[in-house]
Structures are given as C-alpha cells and as structure tokens.
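Residue numbers (the working numbering), protein chains in the order written: chain E, 71 to 645; chain Y, 136 to 310.
None of these hints come from the bench; they were simulated from the model.
In this text, all values refer to a predicted model and were calculated from it rather than measured experimentally.
Beta carbons: idealized from backbone N, C-alpha and C, even for Gly.
There could be a bad hint or two in this list.
Said to hold, decoys possible - Some chain Y residues judged to face chain E by a derived CB distance under 10 Å, without partners named: (1) Phe-189; (2) Pro-243; (3) Arg-247; (4) Asp-256; (5) Ser-264; (6) Ser-275; (7) Gln-292; (8) Glu-299; (9) Arg-302; (10) Ala-305.
What the hints assert, rightly or not - Stretch by stretch, here's where chain E covers chain Y in the computed footprint (C-beta under 8 Å, at least three residues): (11) 141-148; (12) 181-188; (13) 199-211.
What the hints assert, rightly or not - So, partial list: chain E residues that the calculated Cβ filter (under 8 Å) puts toward chain Y: (14) Ile-84; (15) Asp-111; (16) Gly-576; (17) Ala-578.
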Amino acid sequence: MSKEPLIDQLDQAISEILADPEFMPASVDPSLTEMLRVARDLRDVPRSDFKANLKADLERKAMMSTTATVQFREGFRTVTAYLLSEPLYVDFLKNVFGAIETERTETGPGRFHAEYRIDDSMLMLGVGSGLNMPTSIELYVPNVDEVFKRALDAGCKELMPVQDAHWEPVRFGCVEDPAGNTWSIATQLGKNYIPEGRNAISAGFVAKGAAQLIDFMKRAFNAQEIQKYEWPDGLYASIRIGESVVGVSEASNHEWMRPTPSMIYMYVEDCDALYAQALRAGAKSISEPKDQFYGDRHGAVKDEWGNQWYIATPIKEPTTNKIAEFRPNFRTLTPYLLPSMPEYIDFLKNVFDAEQTFRGDTGPGSFHAEFKIGNSMVMVGVGSSRSMPASMIIYVPNVDETYARALKAGAKPVSEIVENYGDRFGLVEDPAGNGWCIATYLGREPIVAQDRLNTITISFALPDAARFIDFAKRAFNGREIVRYDSAEGKVMHAKIGIGDSALGVGEANDRWHSKPTMIYVYVQDCDAVYRQALRAGAKSILEPKDQPYGDRQGGLEDEWGNQWFIATPFRANYT
Amino acid sequence: MARTDDERQLIEAAQKDPRRFGELYERNFERVYAFVVRRVRDRHEAEDVTAEVFQHALANLSKFEWRGVPFAVWLYRIAANAIADRWKKLSKQSADPICDDLDQSHRPDIERRAILFQLVDNLPDDQRSVVIKRFVEEKSVREIAQEFARSEGAIKQLQYRALETLRALAGGSHE
Numbered sequence: 071m072s073k074e075p076l077i078d079q080l081d082q083a084i085s086e087i088l089a090d091p092e093f094m095p096a097s098v099d100p101s102l103t104e105m106l107r108v109a110r111d112l113r114d115v116p117r118s119d120f121k122a123n124l125k126a127d128l129e130r131k132a133m134m135s136t137t138a139t140v141q142f143r144e145g146f147r148t149v150t151a152y153l154l155s156e157p158l159y160v161d162f163l164k165n166v167f168g169a170i171e172t173e174r175t176e177t178g179p180g181r182f183h184a185e186y187r188i189d190d191s192m193l194m195l196g197v198g199s200g201l202n203m204p205t206s207i208e209l210y211v212p213n214v215d216e217v218f219k220r221a222l223d224a225g226c227k228e229l230m231p232v233q234d235a236h237w238e239p240v241r242f243g244c245v246e247d248p249a250g251n252t253w254s255i256a257t258q259l260g261k262n263y264i265p266e267g268r269n270a271i272s273a274g275f276v277a278k279g280a281a282q283l284i285d286f287m288k289r290a291f292n293a294q295e296i297q298k299y300e301w302p303d304g305l306y307a308s309i310r311i312g313e314s315v316v317g318v319s320e321a322s323n324h325e326w327m328r329p330t331p332s333m334i335y336m337y338v339e340d341c342d343a344l345y346a347q348a349l350r351a352g353a354k355s356i357s358e359p360k361d362q363f364y365g366d367r368h369g370a371v372k373d374e375w376g377n378q379w380y381i382a383t384p385i386k387e388p389t390t391n392k393i394a395e396f397r398p399n400f401r402t403l404t405p406y407l408l409p410s411m412p413e414y415i416d417f418l419k420n421v422f423d424a425e426q427t428f429r430g431d432t433g434p435g436s437f438h439a440e441f442k443i444g445n446s447m448v449m450v451g452v453g454s455s456r457s458m459p460a461s462m463i464i465y466v467p468n469v470d471e472t473y474a475r476a477l478k479a480g481a482k483p484v485s486e487i488v489e490n491y492g493d494r495f496g497l498v499e500d501p502a503g504n505g506w507c508i509a510t511y512l513g514r515e516p517i518v519a520q521d522r523l524n525t526i527t528i529s530f531a532l533p534d535a536a537r538f539i540d541f542a543k544r545a546f547n548g549r550e551i552v553r554y555d556s557a558e559g560k561v562m563h564a565k566i567g568i569g570d571s572a573l574g575v576g577e578a579n580d581r582w583h584s585k586p587t588m589i590y591v592y593v594q595d596c597d598a599v600y601r602q603a604l605r606a607g608a609k610s611i612l613e614p615k616d617q618p619y620g621d622r623q624g625g626l627e628d629e630w631g632n633q634w635f636i637a638t639p640f641r642a643n644y645t
Numbered sequence: 136m137a138r139t140d141d142e143r144q145l146i147e148a149a150q151k152d153p154r155r156f157g158e159l160y161e162r163n164f165e166r167v168y169a170f171v172v173r174r175v176r177d178r179h180e181a182e183d184v185t186a187e188v189f190q191h192a193l194a195n196l197s198k199f200e201w202r203g204v205p206f207a208v209w210l211y212r213i214a215a216n217a218i219a220d221r222w223k224k225l226s227k228q229s230a231d232p233i234c235d236d237l238d239q240s241h242r243p244d245i246e247r248r249a250i251l252f253q254l255v256d257n258l259p260d261d262q263r264s265v266v267i268k269r270f271v272e273e274k275s276v277r278e279i280a281q282e283f284a285r286s287e288g289a290i291k292q293l294q295y296r297a298l299e300t301l302r303a304l305a306g307g308s309h310e
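With the hints as extra help, turn the sequences into a complete structure.
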C-alpha cells in the first residue's frame, strides 16, 4: 500500500481515471476506494451553465408556444369581473381587500381603466364613466371576520352577518360596498381558505331563472356545472367557464339576493368564434369583435338577464417569430456600448470570454460589433463621438476569477466582492466607463427570476425610479419581478421583466448616479412598440424604417436621457 | 405515492401552461443527462441529445398521457430514440441498440448518478469550483492552483474534501 498522503494518492488516482476511465487503482488506501467510485462518475457531471442555458432556452420556447392570453395578460384567467366606479373606490379596494394596482390606462378626461390583483385573482375597474352597474362578487379570504369588519369600517352596508354555512365547512357574510356591489366574503374552514378548484375571486350572478342562465352559459361559453345546491325556490351552482369558476344564484326577496346584472371581461383563444357562438345561444350584440388600441381584440354581447360579456383575445404576435429566425442569439434587451477606443473589445474578450459574432465597418475608423457573452449579447459601436456608459449585472461562474481578470485588464474597482442577496458580487468600472456588477449566484435557492437566468442584465440608477418603472410598464409592457421600496416610497431595488430580459432599477443617490444608457430592444413589431412608447411619454429620435443591416428600427429617448432602439429583424444577414 | 401525485399535477400544470415545464425540467435534468452521457461519445454530444430530449418533450407534452409511470421513463424513451437516430445517421449500427437500456434494472444506476450530479451543485463554492475544473474541464491540480492563486496542496485538500462529502452524501445510494 502506498505511504503517500491520502490527498496525493487520491489526486494521482483521479489523474489516471481521467486519462483512462477503465483504470482500477490497485494500491490505494482502502478508505479511498469509495471516493474513486464517485470520481469515476464525476467525469460525467454536466456543466452547470449548460443546465441553466438549456432551461432559459426551454423557457423561451415555452413562452413562445403559450397562447398570447397567457403571455400578455399575466395573472388573468378566463373570466374577470369588471366593476364601474368613482375614483375613491380604488382606495376602498386597496384598504379593505389589499388590492394591488397592476395596470392603469387613461381613457379620457377623469376616466381610466385599471386592473387590480387580489390574492390570486384579478379585477378590472372602469372609473369615471358615469355608468353604474353594481355586480356580485364572491371572495375567499384567510379570515372572513377580519375582512368583514374592515369592509364595514370602510362604509359597507351589512347584508348578512358572518356565520357558518350549514351545507359546507365555510364561514361567510355579505356586504354591499359604497359603489353598490355585493360581496359575499367567505373563508373555507380547514387547511385551505379557498376551496379546491376555486380562486380568491369569482364573479357572481344573481338572476331570476338561474337554471336558464346556466343553460345559456353552457351553450354560449361551453360552461360546465361543477356543483349545484337546490332548495324550494332557490338554487346556487358553481359553474366552470374556461379556467374560471363563477357562482350563479337564483334571485330572491333577500336584499343580498336581488338580481345583479354583471359586466364580465373574458379572455379566450378566439374571441370571434365565441362571440358568434354567444349570439347563436341567444345573446344580443353590443359590439362586433375588433382590434382595440390597448392590445386586445374584443366583441361584446348582452344576455337576456342583462349581463354584459366582453369577449377578448389579446392580439397575437405575428405567426413567425422573426427574432428567433433572424437574430437567434438575441434577447429582448441588449446593452449598446460606445467605447472610444477599438481595444475595448479585447477587454470584453479577455475578461468575459466574449465571442464576437459580427463586425461591420460603419465609417472610417468606426465599426459596429456584436458579442455573445454566456446566453446574452452585447452590441458595441466603436468610434462614435458620443459616450453613454451603461451599468450591467453579469453572472459568471466564478466572480473572484472574473473580478481579478477585470482589474488586470484595466477596470477600476468600485466595490469589493461581498456576499448578499444570494449572490457573491463585486463592482468595477471598465476602461470605457461602463459599470459591471460581476456576480456569481450562490445556488442556495431556486433560480426563479429572469435576471438570474440571463448572463447580462442592464441596470439603472435614476431619479424618481418609481416613475421610470411606470414608464417601462407602459412603454414596453414591463412587469415587476421584484420590488423593494424604502419607507419614504423610493425604489430601493427592483427587477422589471421586459420580454425575456430584465432591467435592474433603483433610485439614484450620492453613490449611484443616473447614467443615460443606450439599449437595443428586439420585438416582433417595432412600429407598434415604438408607438406605445411614444404614448408612454418617450420622444422620437428616429422614426421606424428599414435599415441596410436587416433590422427595421426606430429610436426613442425617455425623459431620463436613455435611448431605446426598437428593432424587428426582417433578414438574417447583414449587408 | 405523494411524489407520484405531485408529478402528475406538475405534468398537468405544464400541459395547460407550458411555462410550468421548468419544474419538470429541474426534477429530471440530471436523470436525463445521466442516462444520455454514458451512451454517447462525448460531453458535446451528451449536451446535444439532452437538449433535444427536453425540446421534444416540451413540444409533445400535450401528447403525454399519465399512466402512473414516472415522467422520467418517457424522457428516457425519447432519449433512447434520439440516440438511436444519431447512430443510424452515422451508420454505426442499424438496429435499435439501446432498447435494453430502458430495462428497469438500469434505473438505480441512473438515479444514483443523477443524485450525485445534484449534490455537486450543493457543494461549498470552492469545492464545487475545484470539482468542475478537475472533472468537467479536466484541468490538472497545478493548473487549477495557478488559476485560483492557491497552493497545489490546498487544491488537493479541497478536492479530497469535495469527494469525501459526495461519498458521504451519496453514500447509501452508491453501493
């Protein structure tokens, strides 16, 4: 048996196993035998970035294969109740039910459409229309007594005090809110406060002739009856429509059981087909299906009980995915860097293993180049007189190694490597003035956020960051992945998802300054996004037009000075 | 049993909304990779086939019917077909050469290796880095020591600790 130290014996045997998988060491210490079996298997351990990259790729494909309903209207199921109210009602929803506003679009002077998330469900609200159409909502909450009291304190009228139902393990009460809507607030007793198959919010229908209304729902919207309770002159049924469940009750003389025609917004695969089907089932047309400026195509019908059904399909992306076809390496957002000197590209190559995928001259001494770094891209314009340094977060396999390489290649340290937020990271400023937060994910929690799946994420420190987030939402359909606000309401740190990319956003302060950045945005329809961004307050710097390099492209500047080049490729190769 | 029910729910969720496929991927990535890597020539091909398997599974998920058999078995079948196709294209063999591999008797081996691959991810950072450099990138201790600016002894020590940890954690399943 060898007298060498164990660590040396092990290393020697590993070297031999790596050279010859069949190698069986004869003379190692017996305590190493099991470890060498492990070593033999470790030859096949997968590369960790392969796993992450494949996952990102699959998520991208899954996103593309998902119907537009899911992609553009995150959080919505088939049926959403649409309430009409005055502006103060918003505070009622927030204070009593903890509603979170996810969308607000001005629709005229003093009028807006807004969307709210309550628990796992959504509500739509039309404010300032002057119309009134009180509706009926069923709401499951963790503690009905608590919410019921809040509702009364906020001005609701008690229609039925909180009590235990005798037919199922549910405790519930009923109120009428200041806008006249009826809320049946309930808690299922036991492990889950929401019954299986239900969601926090269901639209409720109270109708004279509930059985006929259910029959209409079946014929018009392919509804299915899940559960039905009947008693003399009474009926309550749970009805599934698509992914949603609604409640239907027979109207009675009780105050909380009077007929309430509802306004409903439905998301379906094919609004034209379902609109036609609803008409065949006896509904009357309110409006024929047509494309709406806010990105839905919808038509509307009214049934004989007075319920109004807005049947919508988000306007789908073009059937061919031009980005996947012509710019497969690119994600939605790509930083555009403007270094003054050509040697800068060596910095990218040496520090981040950037692989140049394209280079084309744009003038004497100036060129445009593209680099693949991990699963992300960076565009570089060399020789421009402008300077627009970007700040980026870059995920690397080994932050210490990359950080050291960056300093060696001429970057200035900005902050030392620390471990926080589940990452190990340090900050540098590269020779062209771009800020890099070099990070390695510590792998102690599942990767969920897009910003960790992508190698590079653009990051902003801005004055009035909350307004910037609002701009990103309205201009580019941004969505909040995470957001932490300070006690004063300043955005400490947020990640905003845009397409398959993310932006880091935080309030500018003494340490982090606002730096206007240039961003290249690949979308399926640059004209539409360009117009949407103009509506959100951006200024045009370039009208969309076909460019010789194969992109149709428009340019915008936001009020923070960031420049957004919105592009849709129409050809694979540059000319 | 709970796990089976759970898996069934995950599959149904992903069939409804393909964006939920990520959870099935996380559960099965190492298994599929472990299945594939021993049956192809190199790491590059193992990655190609693994990617092909999950892409095919995502695209055909709606066709998957739950019959109580683990989801992984369906993935192994896709993998076996993908590998057989490659072999046919390369004219190395004309018959399906690996149908035997779908035999249940091979599954403990795949599971064991899949668990090991997952355990590597959970090693302390410095140990994991050494394992990746040594076994994935096939670097020598000397090269790794230079890269990390540490002594060769320190790297050997990390390597020893990593393997000892893996042996202990994978222990029962590594018999």
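Going down the list of hints, with the structure as the test:
1. Phe-189: holds (6 Å)
2. Pro-243: Since the shortest Cβ distance to chain E is 13 Å, the answer is violated.
3. Arg-247: holds (8 Å)
4. Asp-256: holds (6 Å)
5. Ser-264: holds (6 Å)
6. Ser-275: holds (7 Å)
7. Gln-292: holds (6 Å)
8. Glu-299: holds (6 Å)
9. Arg-302: holds (5 Å)
10. Ala-305: holds (6 Å)
11. 141-148: violated (count 0)
12. 181-188: Coverage by chain E holds here, the residue count being 4 at a Cβ distance below 8 Å.
13. 199-211: Since 0 is below three, the answer is violated.
14. Ile-84: holds (7 Å)
15. Asp-111: holds (5 Å)
16. Gly-576: For E/Gly-576, the interface hint is violated, since the closest Cβ of chain Y sits about 26 Å away, which is over 8 Å.
17. Ala-578: Since the shortest Cβ distance to chain Y is 32 Å, the answer is violated.
Of the hints listed earlier, those the structure fails to meet are numbers 2, 11, 13, 16, 17, in rising order.
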